[in-house]
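Modelling step: build the complete structure from the supplied sequences, incorporating the hints.
In case you want the letters, here they are:
There are 2 protein chains.
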Amino acid sequence: MVRRAQGKPTIADVAALAGVSVAAVSKVVNGKGSISAPTRERVLTAASKLQWTPSAAAVALRSAKTRAIGMVARRSPDLLSADPHFTLLISGIESELSPLGYGLLLHIVGEEPSAEEAAYRRLADERRVDGVVLTESLIGDTRFDLLRTLGMNTVLIGTPWRDDPVPAVQATGLDSGIRSAVEHLVAHGHQRVAYVSGPEDRVHTRYRRRVFEEALAAHDLTPSHTIVSDFTAAGAVDAVGRLLADRRRPTAVLFANDSMAVAGMSAARRLGVDVPGDLSVIGHDDLPLGELVYPQLTTVRQDLVGLGRAAARVLLASLGEIEDATVDIRPPELVVRESTGPLTSREPVHPT
Amino acid sequence: MVRRAQGKPTIADVAALAGVSVAAVSKVVNGKGSISAPTRERVLTAASKLQWTPSAAAVALRSAKTRAIGMVARRSPDLLSADPHFTLLISGIESELSPLGYGLLLHIVGEEPSAEEAAYRRLADERRVDGVVLTESLIGDTRFDLLRTLGMNTVLIGTPWRDDPVPAVQATGLDSGIRSAVEHLVAHGHQRVAYVSGPEDRVHTRYRRRVFEEALAAHDLTPSHTIVSDFTAAGAVDAVGRLLADRRRPTAVLFANDSMAVAGMSAARRLGVDVPGDLSVIGHDDLPLGELVYPQLTTVRQDLVGLGRAAARVLLASLGEIEDATVDIRPPELVVRESTGPLTSREPVHPT
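Respectively, the protein sequence lines represent chains A and B.
Residue numbers for the first sequence follow the UniProt record's numbering, beginning at 1 and rising by one.
Residue numbers for the second sequence follow the UniProt record's numbering, beginning at 1 and rising by one.
In case anyone wonders, no lab produced these hints; they're calculated from the structure.
Mixed in with the good hints there might be a few duds.
Heads up, the list lumps identical chains together, so a pair's fine if it works in one copy or across two of them.
In the SDA-like style, the derived pairs of lysine to any residue whose C-alpha atoms are separated by at most 20 angstroms in a straight line are [what the hints assert, rightly or not]:
no., residue 1, residue 2
1, K65, S36
2, K27, G101
3, K49, T39
4, K65, S224
Note that the structure is predicted; figures quoted are calculated from it, not measured.
Printed below as a string of structure tokens:
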């Protein structure tokens, strides 16, 4: 007879139903120690029948914390170092983990979604971390379902896709930076403003583009051009080549990240186009890169360190390490430097 | 009576002397589970009396591998993202760890040496990693002694200080890049070449400066100026200001990293100095940054991904995971782009 307590099922119930020891169930959930495939199968079937969820398992295992948080960066090494916004997020995360003796387990995987999923499965199977930080929310993101199945504490930096109830951290006044960028350009007389966005599979890509369009619409303007790019320098150079070849070329361009903006600005100048005299350029994120270059980059600042800190505190609170997860995240804001201004050159466009 | 076996002490001897279970000793060494301070003290005293060393403990615990490697980056967040060479090292390390199911535990600490040492102590005390990768070998480096005391597998990326027997990985033909840079400048007629180095506490800082001086000496030249800087943009801007204010200003400058070179180039252009027409600029590392800017940066390429891979393989071999630690690391080489060339402007110097 299967012993089955009333109310919430326990690990003992699962062990009894599977006909194995509690230690064996623990091993299966833990991913540690050797366990035969049939035993593993029996345990999982029993857990499923009793509706003993992985999340309950996580609670049961709470005493065996790893004191590590995982983060998976899905980018090529070159793209990571060209656009080091991950570094700032990681610094923010670390600044909260470190005082509590938590470590950050980092995985850099290829661009394929399957590589990221495999990394999460391994982190869970081998019970390497107590939680994970996700970035770059995707349209139709499947990672949250996977992580729920794996019973993994999760926090997203960014806006969840639709109503996914994953805990997420983001700044308030999320649209303020891009709105200010458009206001700044319009105030300098720009009417033909282009947008070079990131890959369309990101939630923030669509959101920011909509904010851009709405901000222009408030001045009865529409985007002169919208180019979907890929965050790479080559993509930005290509986009600028196309924009400047147009007879009705834009007088200002917003880019979705700083490295595209810098690469785009350089491409324009190599073509003999003065920045900002012929073309104003605005980036996104405010990475140190933008201050190194000449002209210095006008950009939309994101509080990446604050976002990293907030994400870490959400996980630490859900692990019972701290009571209050609150962190002030500064809203995005426009940082005006040298790459934007009024048109000062002879108007290069011949309207038809 | 205390049971004490002949020969090497075992964990059982320590447990017996301390009057605790073997599991309790394991907990203390492991840093896992809860253990009272007095018990911990008793165990450590017993271990000390029996000369049961941390290194013996490491051997005893070898079956309990953490399957994680640690890396401590001692830089401020801003400096890390302005000069993302760590990102490329990490990518190289990860590419070797990942297929074997090893993770990389990353710690970003402040600039003080004590913060880095505290991080190593914690990694060892809490038994978080099976080994650590060190970078930026220091003059009179004390980290290796500490890590030996902690019984930690260690590998250094770079040249050890003096004859420290720490395992290290570096490229062959280490001087080839800077030599080629000097040859390239001299071939374009430059005779007044300045050097802006990194902090003097690094082994590579002194080495590269000596190579630079020897390469110039082969042409009966000496450095026009040598400025010790700090890898920051502000440091580079300051250095360029001083160099260009000199009546005998240099016609070419080598910088110790790419972000200083880009910031220095921008500072020169802001002062109305043409690059390369008035001033040739060379960086070091070949980060993606150098290709984003205009003019694109001539720089000494380091195989950072290869160095990261090699370091990971040395640790994996010492952990018995692989047999052959060999990785081809490409020697440093000069990558000629747009920031160097012959002087084309009116000679701005008035020799006295």
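Item to check | Structure versus earlier hints - violations, ascending order | outcome: 4
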